[in-house]
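Could you build all of it, start to finish, from the sequences and the hints given here?
From first to last, the protein sequence lines stand for chains G and L. The numbers in numbering that gives the first Met the number 0 rise by one with no breaks, and the one at position 281 of the first sequence is 280. The numbers in numbering that gives the first Met the number 0 rise by one with no breaks, and the one at position 210 of the second sequence is 209.
Don't read these hints as lab results, they were simulated from the structure. Certain hints may be false.
Among the chain G residues that face chain L by a calculated CB cut under 10 Å, a handful are [stated by the list, open to error]:
#, residue
1, W84
2, A89
3, V171
All values reported here derive from a predicted model rather than from experimental measurement. All C-beta atoms, glycine included, are put in the ideal place defined by N, C-alpha and C.
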Amino acid sequence: MHPNPASQLDPPATPAGPTARARHGSLHRRDLAWYLDKAVGIVVFVGGVSAIIFILGIFAFITKEGMTFIFGDMNLKEFFTSPNWRPTDAVPEYGALALIVGTASVTGLAMLVSVPFSLGAAVFIGEFATGKVRESLKVLVELLAAIPSVVWGFIGFMIMKELIEDVFGVPVGLGILNAGIILGLMAAPIMTTIAEDALKAVPDTYREAAEAMGATRWQIILKVVFPAAKNGLLGAVLLGVGRGFGETMAVLMASGHAIQLPGSIFDSIRALTATIAAELGETAAGSPHHGALFTLGILLFVVTFIINLSADLIVRGIRKKN
Amino acid sequence: MKLRIVLAATVAFSLSCGGGAGDAERVLIQNKGSDTLVNVAQAWAEAYSLVHPTVAVAVTGGGSGTGFSALINGTVDIANASRAIRQSEIEAVEEGRGLTPLEFVVGYDALAVFIHSDNPMDAFSFAQLASIYAEGGAIETWSDLGISVPGCPSDEIIRVSRQNSSGTYAFFQETVLDGAPYKLGSRDMHGSSEVVELVENTPCAIGYSGLAYATDHIKMPCVAVEEGGECVAPSMETAINRSYPIARPLLMYTAGEPEGATGEYLDWILSDAGQCILVEGGYAPVRGDLACDIADG
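Dropping the structure here:
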């Protein structure tokens, strides 16, 4: 793909040979094809920079909405250390600790669930499976990634809830365990795909060298391929974390939506994203509550941005090195 | 040409209907706010358009807070609410529009306490409910209340509540908890029907919501204000005669004294015709002596 073929033709037509060019219409520089080419070039350029424009626009918007709260009613210490989120009480309290802990604990458990699954799947697809098995597995994993999150939430609310209640004998099966498993299953396909890419990026010469020295299949994977693909795998895990942090609908339905510092994995929790989704609809624009919800949004945005950025840098780093 | 005929017909019709002299123009009343009231408000608007064809009422939901902010901004004539207006909101209306908001009670809604149908509990006092729901309350388990619930081996009381922007949440807090903050850790559902659904399927649970959302598979114990006082079960009758203690007023607010069409509309809502529509929607009217069969015409 050439970045901009039109630029090669850019130098203006020299007045030296207009007659020659007129006879060969296809060589004329300012015909329809030239304009088309130029137009497509512009469209592609706008498409390319639009991602940056949108990101900056979104950040500017949520920051503007959150500012009224940050410079008004916000108490930094209360916001990060108090679990009391009571924005509509007579004496409003804006402690986001329980929400932050809720999101972190669900994401943490989701990673415990999804990392072994997706690494295992990536190793199988990348190192063992061949031919049709490999191709169909790849398609299936990608299909899994396409299931809408509200469907996952429904599975959590209807099926996992009963299952957890029956197996563990807890009164309500909505909580960290339920949301963590659901989120883990949601993050696994993306992590599998990226982890498999990382394994594939390890040159075959490494494997061949290890094999020549008499290493077994497992020794090759554990001692040669994994260390070589370590950054790519870490990047895959971090992207999964980002997915877990930002997920809303499934967590809202499966977590029980209760503000508290959890004491066990069966406790219900409330996630940052779910709080915004549940409360934003009924707050008056411009009120401190409205601003506080946008401040939660800023927090989420910054954390996911950092996670995704570091994942990207790590993955990019390994690509460059190879 | 055609347009002129239609206009003439409209004028003739509205005059023949006995509307005020020169009242030929179509009047639009903007009405916004509480989701609890939105269905009834819609029914009122439709019925009123039959009585007064020249007046159109546009109804929007969005929550009590949304209605108040629209009143502050001056984009509505009437704001619907399931909670009373706050001092800060009164001041905002006065500041922004130079008018004092005026409150109209247009009906009542009973909030029922819900428990699982297997739960043996028959009665709650306000003190017990506050001790279950409010911060610092000592009651954490069903055995603290002296009962054991079949199907609830953990004995823990699972508190089911509403999201904090809901008028139901605020009213329960004000009336039953006496304004005290809720205990952390309640499951905050996003709608009255979700509360009912969760309590229905969870033996350990307790919840609260509007009486209109009750189903056959859920138990509604009676509620007493004082320990040992008269215990009243929630029903349409007890809400109408005001003996049920957790009944909240359904409110409408205008900025300043309502004039013209808006004033007439509010008068009509409070008339027998308007109140009977409210009863059909599952809420209690402001007067007990309502005779809805006669009020049809």
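Here is how each hint holds up against the structure:
no., hint, in the structure
1, W84, "holds, 8 Å"
2, A89, "holds, 6 Å"
3, V171, "holds, 5 Å"
Taken one by one, the earlier hints all hold for this structure without exception.
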